[in-house]
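K.L.:
Here are the chains, one letter per residue:
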Amino acid sequence: MAVHLKKRAYEEFSHVIQEPARPQIKKLRLTKPSGTSSTAKYEEYELNLDGRSSTEVLAILMEFSRKFPVPAEYVQQCLESLIKHFHNEKETAVRTKIAWLLGQLCSTIGYYPQAAVEKIIDLLNIEVSGKVLSQLWSSILSIALRLPQSFSVHEKLITMASSSLSNHHQEVRCQCLNVIGNLATTKSTIKLASEKRWDEANVHTLVADYFDDPEPRVRTSSLQALILMHQRGEQLEFSVYEQACSSLNDDYEQVRFTAAQLVWILSHIYPENYIKAPFSDDRMRLIDDAFAKICNMFNDSSYKVRAEAARLLGSMHLVSDNFLFQTLDKKLMSDLRKKKSLNEQAKERFVEEFSTGARWGEDAPRESAPDANNLMNSGACGAFVHGLEDEMMEVRMAAVDSLTELASQRSSPSFAQAALDFLVDCLNDEIEAVRLNAVNSLHKIVEHVTILEDQLDNVHSAMEDAAQEIREGIHHLLSSCSLMSKACLFDTVLMLLKNLNKYPQDRRSIWSTQQKLGEHHCNLVYSLVPQLLSCHPYFDTAEPQMDDPSYIAILILIFNAAKLCPSMTQVFPEHVIRHYQYLRDSIPDLVPQHLKLTTFTAGVDLCLQSPPRNSDINSDPNSFLERAMARIKHLQTHDSATQKSLLDSTIRDLRHAAKVAPSLASTAQCSADFLQAQLLLSKAVDAKGWAGSTHMSAQHLAFAKPAASQIIQLANDLEHLYLGLSSEEIALVKQIRFKAQALLFVLEMQEITHTRKGKISPTKLCEDFFSLVQEMKTYLNDRNITPDSFSRTCFNELLKLSSTRKSSLVVKLLQPLLMNYSVSTVSLNNKVIRSKVTVHEPQTNLDSPIVISAGLAASLHVDITTENLSNPLRELRIKVIYPDSKEQLFALLPTDVKQTKPFTHHIKSKVYLSNTQWTDSCAIKLAFVKVFPDNNISSVLNESGSSQSSQSVGQVLITKPVEVLFQPKPPTRV
Amino acid sequence: MPEIKIVPLGAGQDVGRSCIIVSLGGKNIMLDCGMHMGFNDERRFPYFGYITGGMSTLTEHIDCVIISHFHLDHCGALPYMSEMVGFEGPIYMTHPTKAICPILLEDYRKITVDRKGETDFFTSQMIKDCMKKVVAVNLHQTIHVDDELEIKAYYAGHVLGAAMFYMKVGSDSVLYTGDYNMTPDRHLGAAWVDKCRPSLLITESTYATTIRDSKRCRERDFLKKVHERIEDGGKVLIPVFALGRAQELCILLESYWDRMNLKVPIYFSTGLTNKATEYYKLFITWTNQKIKNTFVERNMFDFKHIKGFNRAYIENPGPMVVFATPGMLHGGLSLEIFKKWCTNEKNMIIMPGYCVAGTVGNKILSGMRKIELKPGQVVEIKMQVQYMSFSAHADAKGIMQLIRMCEPENVMLVHGEAVKMEFLASKINKELHLPCFKPANGETVTITTNPPITVDASMKLLSKHRQVAGTTPNPKRIKTIHGTVLIKGNSMQLMDQEEAMEELDIPKHELRFTSTVQVPNIHHTVATAELMQHLKKSLKSHNVSSTTDGSILIDSVLLRVQSSDDEEQKSVNVLVSWSLHDEDLGTNIMDLLKVGLPVRTS
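Chains A and B, in that order, give the protein sequences. Reading the first sequence from the start, the letters are residues 31 to 1004 in my numbering. Reading the second sequence from the start, the letters are residues 399 to 1000 in my numbering.
Rather than coming from a laboratory, the hints here were simulated on the basis of the structure. Mixed in with the good hints there might be a few duds.
[As the list claims (entries may be wrong)] Some, not all, of what chain A presents toward chain B, calculated at C-beta under 7 Å:
id: 1; residue: Asn-329
id: 2; residue: Ser-332
id: 3; residue: Leu-358
id: 4; residue: Asp-359
id: 5; residue: Lys-360
id: 6; residue: Glu-419
id: 7; residue: Met-422
id: 8; residue: Met-423
id: 9; residue: Asn-458
id: 10; residue: Leu-562
Every residue, glycine too, gets a C-beta built ideally from N, C-alpha and C.
My request is simple: use the sequences and hints to build the entire structure.
P.N.:
This is how it looks when you write it as C-alpha cells:
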C-alpha cells in the first residue's frame, strides 16, 4: 500500500512538473502575431507617401527599409505604391532610395518579380538623373538575375543597356556594362536605333569599345563585363586581345588590375593563336606575348597590380621556354631579339651589353649593340627576379608561388634547376612567412632537381632559423632531395646534428630526415661510414653513449643505408651491432628490421633475426579477417554456451591480429569491440541471473551493472572513434548501446525495488529512459533504418504507455525482451579506420619531475600526431587528470593544428599545470579525448567510464593516458 | 615658345658636387647644393659666381633651393651658399633630411677645420643659421613656393628621407630624382612616383651601364665573404658613409649574427652615427614594410651585436668586423684603420659602394697594389679587396623603369660618368624614343615645350555638341566641334557661331556654292528618282529627302535636275548647291555625281 501511495504521489508530482514544463507561453507568443497579422501587419508595412514633403518621404522610406524583410504577400502592394510615388517625386535622393528599395523588395524570398519588372523597366525611360538611373539599373540587374528564364526581359534589358551606354553619367555607364556583362551572350547583336552608321553592333565589340572611355571606372567596368561574360561560359573573341593589352598601360590601378586578368583569360582561350610581333614582320604565339606583357606588370607602380601579375603568371603553363627563362634574368637574352640575319645572332645566350656591377670597373660601356628589335619589353626581363625582391611581401609571396608552379609544371627539369637558386635565396628573406613559403615551395620542386653545394649552404643556414616550422620544413626538404656529393651529405649530416644540439625538440623530425637521407644516398653514406662512426684503423675509439640523440641519428642514417647496400655492414664496429638490436626494438619505425650483421669477435655470421612478426597473418590479412568472421557467421545455430566460447575465441584472435598486422588493426579492433559488446550483453542478460533469488540477483547485479557501463563505453568508442562505418552499422551500435541502457535501467529499477532506496527517483529514471527511446526512434526514422526486434517492440509497446509511465510496468515489459536477446553479427570490410593519437611529447617519464612553485603554472609542451580525425581542432581535447581525480580539459588553438596529410594532423600545444594543494611529486595523467555532442549525458543511463564532466559533450578516450611527474614546490616566502 | 633652361653647376657628367640650376617658367630653382669629395680646394663647391656674376647675393637670382637628401655631395655646400655667398630664400627638404643634415655638416666642418686646419670655412653658427631657412616637407605634400611655383616630394629610397622633387609652373614641370633606388633593401623601400608626366626628368645615372644581379645574391656573397674571413681569424673593414648603406649593412649583419649565433664583435665608428641612428629609430614611416610592421615589438635599429668603436681597438688581436667612415677612404678613421690592416693578407676590405676618382678607395679598387698614402711613403697592400655593389642607386634597368613610370617628355642624365651616360642615352633614345640630354658642368640645355592652349568653351556650344555626340555609343570616334574662337585680351573663348555673331554684333552672311554637273548615262525623266536612290545608298549616314518642288535635299545640300541641252538625252545637268559649313558633303556629292550612276546591267 505504501508503495502504491508512493507511486501515486510520484505520479501527481510528475503531473505538477509537466504542467509548467510545457511551453505554453511560447505558443501564445507565437500565435499572437500570426492571429492578427492579416490586418495589423499590412498597416505596418503600408506606405503613406501621398502629399508629404520629400524629407518626410525619405524618413518614411528609411524607416521602412529597417523593417526588412517584408513578407512576400505584401511586396506587390509596396512595390506599387513605391512606383507610383516615384513618378511624382522631385527629389533625386528620394528617387534613388526608392530605386534601391525596389531592388531589395523584389529580391524578397518567396516573391516572384515577373510582374513588377516591366514596370520598373518603364521607369528607366522617364528617369533623367544619372544617380537614380544607376541605382535603377543595379536594382533591375538584381531582379533580372532572379528571373533566369525570362529571356525576353533579358533581351530587352540588354538592348536598353547598350543604348544607355552613351549616358553622360559614368555610373550609369558602369551599371549598364555590368548589366551587359551579367546577361548578354557574346554572340548576340544589337540594333541601335540612334546609331546611323552601324546597322548592328556586336555586344562584344561594343563593350570592348568602352576600354577607352574617358572615365576610369567605366573602363574597369567594361573589362569586368567581359570577364563576367567569360565566367558565365561565353566565348570571348580573339579581337579584344589587342584592346585589352592597351589597357595594361592605363593610368589607373584598377583598370590595369582588371586588364591583366582579362589578358590572362584570353591567353588561356587562344594560347596558340599567332599575333604580330612588335616592330617586325614575325609572328609570335599569343600565350608568349601575354606572358611577356604580364611580366612587364612587375614594374607597375601599384603593388596590388604587381601581386596580381605575379599570381597570374603561375598558371600560364603553355608559355615557351625562352620566355620562361627570361623571367630569371634581368638582361634580355639574345634569342628574344630579332636580328636581321641568323649569322648575327650572338653565340652566347646573354647579350652582355650591361655589366652586373659585381666587379669594380667592369661597367665600362661596350660597343653599341647590333641593331635589333626586341620581342619583349626590356622592362619585362627578369620578372621573377624583380618579384622575389619586391618591396611588398604580398608580391614576393605570389612570386614564390608562381615560380614554383611553373617550375614543377615543366616536364624538363632545367627550369626548376634554374629557379632553384632564386627560391633558395628566398630562405634569406626578412619576413618569416616568405621564408616558410619558400621552404614549402622548394619541397615541391626538389624532386626534379639536385641541390648543388652552394645552394645547400643556404638551405643549411636556414636550418638555424628560430621558427620551428621553418626548420621542420627544411628537414622535410632535405629528406626528399637528392644531394650532389659526399661532401654535401657530410655537411648536411653535420648541420642536422648541430641543429639537434641547438634545438633538442627537433629530434623526431631530424631522425626521420636521417632515415630518408640514408635511403636516398646509400652509396654516399657507404663512403662516409668511417667518418660518421669515427672508426679508426688502429685504435678502438670510445664507445658512444647509447642514449645520445645525435649518435642515434647517425645510426639511423647508416642502418637505413645499409638496408640497400649490405656490403657496408662489414665495416661496422662491434658496438654498433649491439646497438642495432636495441634500436630495432626501441624505434622500429625508423630502423630497418632485417639487417644481416656480422660480428668480428664471433667470426661467424650472426644473423640477427627480427622478432617473429612476419607470421602468416602478414601474408594475407584480409583472408584472415574473413576466416575469423566466417566462424561466427552462423552463430545463431549454436547453443548459447558454444556461442560464448566461439565469440570469446574470435575476439581473442581479432585482438591479436590487430596487434601484429597493422594493415587490418582498425577493422579487427572494431570487430572485436563490437563482438565484445555483444558478448557482454548476452552474458549480462543471462536468464539465470534474473530469475534467481535475491542473493543471486545481487550477484548478478554486481556483474551486470559494470558490464552495462562497459557496453555503453564500447558502443561510444565504436560510434566515435572509427571512420568509415556505414549508417546502418552505426545504427546497430547505437541499438546495442540502447539495449545496454535498457538493461541498466532495469537493473537500477530492480535495485530500487529490492533495497527500497536508490540514488535517483524511479520517475526520473523512467523519464530519462523514455526520452532515450524517443530519441532512438527519431534517429532511426530520420535515417530510414529498420529497427531490430528489440527496438521495434520498445517503440511500439513503450511509447503507448507514455501517458501513465508506470516504471514497474516498463520494467516488466523490458525484462523478457532483454532476455530474448541474441547475438547478431556484422561483417566489416577492411575500410574502417580508427582515430589514433601518437604522443611524441610528453613521454611517460616518472624519473624527472616537472618542478614548479605551487600556485604558479607550469606549461607542458604537447606534441602529438593525430590520424583519422577529420577536425582535431573541434574534436580533440587534452584532458589533464590530477591525482585527486580532478579533471581539466584543454581545447586546442587554431594555430596549434597543422594538417600534414589528409586526415593526419600534427599538433603542438601547451597545457598548463598548476596546483596549490600539495607539494609532493605526483603523477599527472594526460589523456587525449575525442569529444562529441551529446544531449542526454547528464542521465545515469548514459553512464560510461568517464563521461560526466561537462554538459552536452560526450568524450571518448583515444589513447592510453600519458603520465608525467609533477612536483609543485612550496612557495618560498622572502 | 616657353623654354626650360638647365645648367648643371656640378654633377654634369660627373659624380659629386650636385648642383643644378633650373629655370622653369621664369622661376630659378637650385636643385641640391653639394660638395665634391675629390677636391680640397675651392673646386669642392659649385661655382656660384656663375649665377651671381660675382656682383650680388643669390637671393635675387634664385627663387628656392631644394635638397634631395642628406649626403654631403648633395648638401655639403649648403651653409657656404646660404651664409657665405648669401641666400635668404627658402630651402626645402624632407623632415629626416632636415634632422640628419646638420649632424653631417657639423662633422664635415670639424674634419676640415679642426683636423686639416683650414680657415675661411663655414662655422657651426652658420650651419645653424642655414638650417633656420629650411622648410621641411612631407611626402606627396604639394607646397606652393609662390603663386606660380609648386613642388611635391616623392619617396626615393636611397637613404632615409631621400626624396624626388616635382616642380611645376603652369603647364611646365620638372622631376628631379636626386639619388634613388628602385630595388628595396633591408631597411628602405623602393622609389615610387606616379604618372606625373613631367616636361623634363632629371635623373641620376651613377650605374648607367649596369644591370645588377638579384639583391639576394649580393647579400649572400657579402655574408659568405665576411663569414669566411672571420672564421679564418681575419679582420674585416667596411668603409661606409656614416648614414645610409651603413644602416642597411648593419641590419644585414645583425640578423645574420643572430641567426648564426656568432660571437665575433662588430664595431661601428661612433660619433655622429649614434646620434643619427636615433633618427632612424624615429622616422620609422620612411622605412620598409618589415621594419614598419615589427618596430612595435623590436625596433630593428636597436642593435644587439653592434658596438661602438674605439681607436684603441685597431690593435686588438683576433677577428672583428669594423664599419668605419668615410666611405671612399679619403681620410678619417677608415683610412687610419686601412693603413694598419692593409699589410696582412688575412684581412679584407669590402668597398660597398661607389668611389670617386682620386680617392684611395678608387685606387685600390682599380687594382693598384702599391699606394702612396703619404708623400714618399709607399705601402704594399696585401689584404683582400672586395667590391660589393650595395650602393643604393638605381641601375640601368631601374632608371628605365622610373622613366616608364613617370612618362616624361624629355630626359636629362646627371650624376654619372660621361661615357656611361652616352651609352644609356642611346638606350633611352632607342627603346623609349625620348630625347635625352647629358650636359657637362656649366653647359646650358634649353628645352622648348609645347604648352597646351586653353580655351574657354561656352556652355551652349558644349551642350549642343553633347547632344550630337551622345547618339553614338562608340567613345572612340573623334568628335569635331564647329565653333568660333574669339580672342578677347588674354583669354580665348570657343563659342557657337550665332553666339559669336551676337556678341560681336555682326550680321550673318550665308555663303553658298552652286555648281552644275553633267551626269552621264541617265535619262531625263527618271533622273530625280534614280539619283535619289543612288544617293540614299551611298550616303547612308545622311538624311536624303525630296522636296515638294522636285529637288533633292541632303541635309542642307540642294540638288535639282535641270533640263538638259543634250539632244539625245543621255545625260542630265544637275544643279548642286551647298553652304560653306557643308563643304565636305558638297564636294563629296559633286564627286559622286561626276562619276555618274552605276550602269544598270539590264
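K.L.:
Take the hints in turn and mark each one as holding or not.
P.N.:
Each hint tested on the structure:
no.: 1; hint: Asn-329; in the structure: holds (5 Å)
no.: 2; hint: Ser-332; in the structure: violated (9 Å)
no.: 3; hint: Leu-358; in the structure: violated (9 Å)
no.: 4; hint: Asp-359; in the structure: violated (9 Å)
no.: 5; hint: Lys-360; in the structure: holds (5 Å)
no.: 6; hint: Glu-419; in the structure: holds (5 Å)
no.: 7; hint: Met-422; in the structure: holds (6 Å)
no.: 8; hint: Met-423; in the structure: holds (6 Å)
no.: 9; hint: Asn-458; in the structure: holds (6 Å)
no.: 10; hint: Leu-562; in the structure: violated (23 Å)
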